[in-house]
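Chemist: One letter stands for each residue in the lines below.
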Amino acid sequence: MKKVHIIGLGIIAVAIGIIISTASDYSTYENFSSAKLKTGKDFQIVGTLDTTHALEYDAVKDPNYFSFMLIDKKGESCKVVFHGSKPQDFERSESIVLTGRMKGDYFSASHILMKCPSKYKNDELNVEGYQEVEAVPEES
Amino acid sequence: MVFENELSWPGIAGQLFVITAFISSLVSAVAYFISAQSKDEIIQQSWNKIARMLFTVQAIAIVGIIYTLYFIISEHRFEYHYAWSHSSMQLPMEYLLACFWEGQEGSFLLWMFWNMVLGAVLIFRAGKKWEAPVLFVFMIVQALIASMLLGIHFWDYKVGSTPFSLLREVMIEAPIFQRVDYLSFIKNGNGLNPLLQNYWMVIHPPVLFLGFASTLVPFAYAMAALWKKDFTGWIDSVLPWTLFSGALFGTGIMMGGAWAYESLTFGGFWAWDPVENASLVPWLILVGGIHTMLAFKKTGHSLRSTFLFFLLTFILVLYSTFLTRSGILGDTSVHAFTDLGMSGHLIFYLIALTVPAMILLILNWKKIQAPEKEEAMASREFWIFVGAGILFISAFQITLYTSIPVYKGLIHSLTGVEIAPPTEPIQTYNSYQLPVAVLILLLSSLALYLKFRKSEMKQFYRRMIVISIITILATAIIAWKGDLTYPTYLALLFASLFSIIANMYYMFTILKGKHRLYGPALAHLGFGIFMLGVLISSANKHTISLNYRGVDYGERMNNLELHTNQFMPKNSRERMGNYFATYIGDSTSEPNHYYKVLFERVNIWDSSVVHEKFILYPNAQINPKMGLISNPATRHYWTRDVYTHVTTVPEKNNEATAQEEKFKEHKIAKGDTIFTSNSYVILEAVEQVTKTDIVKLVKGDLCIGAKLHVYPMTGKDYFAEPLYLIQGGAAIPVNDKINELGLIFRLTKILPEENKVQIDIAEVKPEQDYIVMKAIVFPYINLVWLGIIMCVAGFFVSLFRVFQKKKIAVSS
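Protein chains in written order, with the numbering used here: chain V, 1 to 140; chain L, 1 to 812.
In short, the hints are calculated from the structure, not lab data.
Even for Gly, the Cβ is constructed at its ideal location relative to N, Cα and C.
Treat the hints with caution; some may be incorrect.
[Said to hold, decoys possible] One-sided excerpt, in silico: chain L residues whose CB lies under 10 Å from chain V:
| no. | residue |
| --- | --- |
| 1 | Ile66 |
| 2 | Phe382 |
| 3 | His563 |
| 4 | Leu628 |
| 5 | Val649 |
| 6 | Thr690 |
Based on the sequences and whatever the hints tell you, model everything.
Modeler: This is the structure:
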């Protein structure tokens, strides 16, 4: 056997090792009820902001405490606590991806990714001085 | 229907140019194909002539597209969707280029432009033998990219997306487009994403796309070599191109890192974001290919892997294009392009080039010559090969993890588990890539001490021992000083110092000042310095904006990393590490809002001794569409950076909150006192005001001010001066306000008979002016930039050396 072949086999072996170890590095998308069953592990949860509850953030009191209610994809609403400042425009987010874990009755988020509809795709037509009211007949 | 003021010729011209570029590239490729297949030199030459003519047509068409698009943007022709969605009237001139390539179409155009430039150089330099087959591959790729801009419907399938579509064609549903005069309502565009209004956005994309485009050269040569079955003749021609590509591509990637560090708020220069990874992977493979190619040149080994690496480089560039432009990254990356519904097209593009490349390589694998005798362990080529293998593994791991969104659907249907990217990407990637870095650092320095084919081992060991001893000493000192204890950190520290010392030793004692040969050692030394900078700046990075306000003394007290945003009331001196920071005010220069923060560096033992004072202006745009967009401000030192950015600002209340009935009337004389719920106010003087910042006074105006001294129950005192302005016969009271106390003062009447004035005071909710900010110290981050610059310089020194050798070869 040539050395090159040994190296080749070595590379393949390491590659397989990486593929196998990915199994432990992946996180999974969960919802609140499934995350509650697996405490002590980090997950990602996709959901939308529960607008029936107020956001809790008071920079004067504690600039590193932000809490809100999130509705997961199964429709369950749960309190989320994020130790950081409130992302600006949070109220307008369309969907929210959280990373973190359950801590008792709340979800402790270490990372928040918001998707705002207008953020990168700004195809909203803002027309100055134009209203949908038929004020001017088209023929004139 | 004819629409008023709509300018239609640029759209028609642009679309014609796109179609011309597409067809001429395709036909040029056909002509080159016929030429390459022909054995007769005269036929070859005549077909080459045709192909070159078509190339010229293509080049003119590309310049035409660029000019037309530039015209549309710079003339603010908002009837065109591209101009409307990427630019606005307020956009400064220097960002016109930035909005040119903000969209997918514009960036494809940039890529085509570079391909055209590189192709033109190749026509002149490739030579008789290689011109036709290499340019054939080039023009096929060019036609494929041009097809991305077509935007033509073939039956139900739309091919590409044109930058020349009209706004009314894109937004068919909007009723406004039923009107002939619709354009008179569209006065402004959507504007450039504020995050991208940055000079980096002007320089980073052209360099990166030149890097992307240049990887096509080794790919085209490798394909041509496999096709023409000349497996070795292409190496000499492609060598300078690969060095050029490695330098430019690397610069482009790290410019992205510098941009992220300087003006985004990641808090670092590399976050293992899918978009970053997608461009890093092809570069790693390219670097592997450059090394195996050098091994081949000197010894005849590693030719097959050279083919594999160069083919893979471009394929991975295509794959990265697919990842970032198809919208597949969706949830996982914040800065991929918007989905234009082109993923099918992109997959076709990827397969159309990957499959033929792989088939050609497999068919010829056995025919590509490899020496009978295998590499000796004590030879440079052997360790180069090992190093290339490690780079391959590194690229494999990054690709596998970055591609999770691509195959998560498959995993879901197989196992029912919805997999997601790692929750802590930086730690996860580092756990694989740090050991890779250690190995590469060690190999890249000791391989230089080995000779090609066979080395004198005794001398090698002696040198290695000397270098290792120096390195161990240096490692011990830095680890102790820098408080580095983790085994991985220590290994990386040792490896980067080993690389720095070994490469410097090599340059100064073995090459003994032969500057022209410095290339490889310089590039490796740069990598060593870079990794040392990465290690120290990230391992010893520390947040100094630690907040203790409002923190209960329970569990959270111990988690320092949870308090990294500091609350800074205006004019309050807050401790931040060795500094005291004071938020002293804000100012606006549209569209940016600057927060002025005074930093005072104090003596560690005696905080009353101030060593240094400076002001940082972290700024933010409060954008109606995107909310707060924060831009960091950084204080650079030789040995560290203090990096700050604003994370929250109070939402400013409107003046209108004070309602009429809330004002309480007070008729007072000079020296009298008024009591409010939180303070007492003394009228110090009533006098005529001739100059004031609040209102503009013209001749004939009479302006009276009441000087008020306000003493709150606690804290420092304030001054207020409401004005009574008689302008053009009308009396206008101009209010003054103390936000911190929530007091609004109005000088309502002047009562000369009683020698009194009427001061009305309204009390509103006190509004505190504050910012919440983050400040991080990055020690020795300059090593990162220095390392990159040296590494790129190393590529250029090698490139220079190749040209010099060629000159000598030609002249002799």
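Chemist: Are the hints correct? Go through all of them and say.
Modeler: Now for the hints, and whether the structure bears them out:
no. : hint   : result
1   : Ile66  : 24 Å, violated
2   : Phe382 : 7 Å, holds
3   : His563 : 5 Å, holds
4   : Leu628 : 3 Å, holds
5   : Val649 : 8 Å, holds
6   : Thr690 : 40 Å, violated
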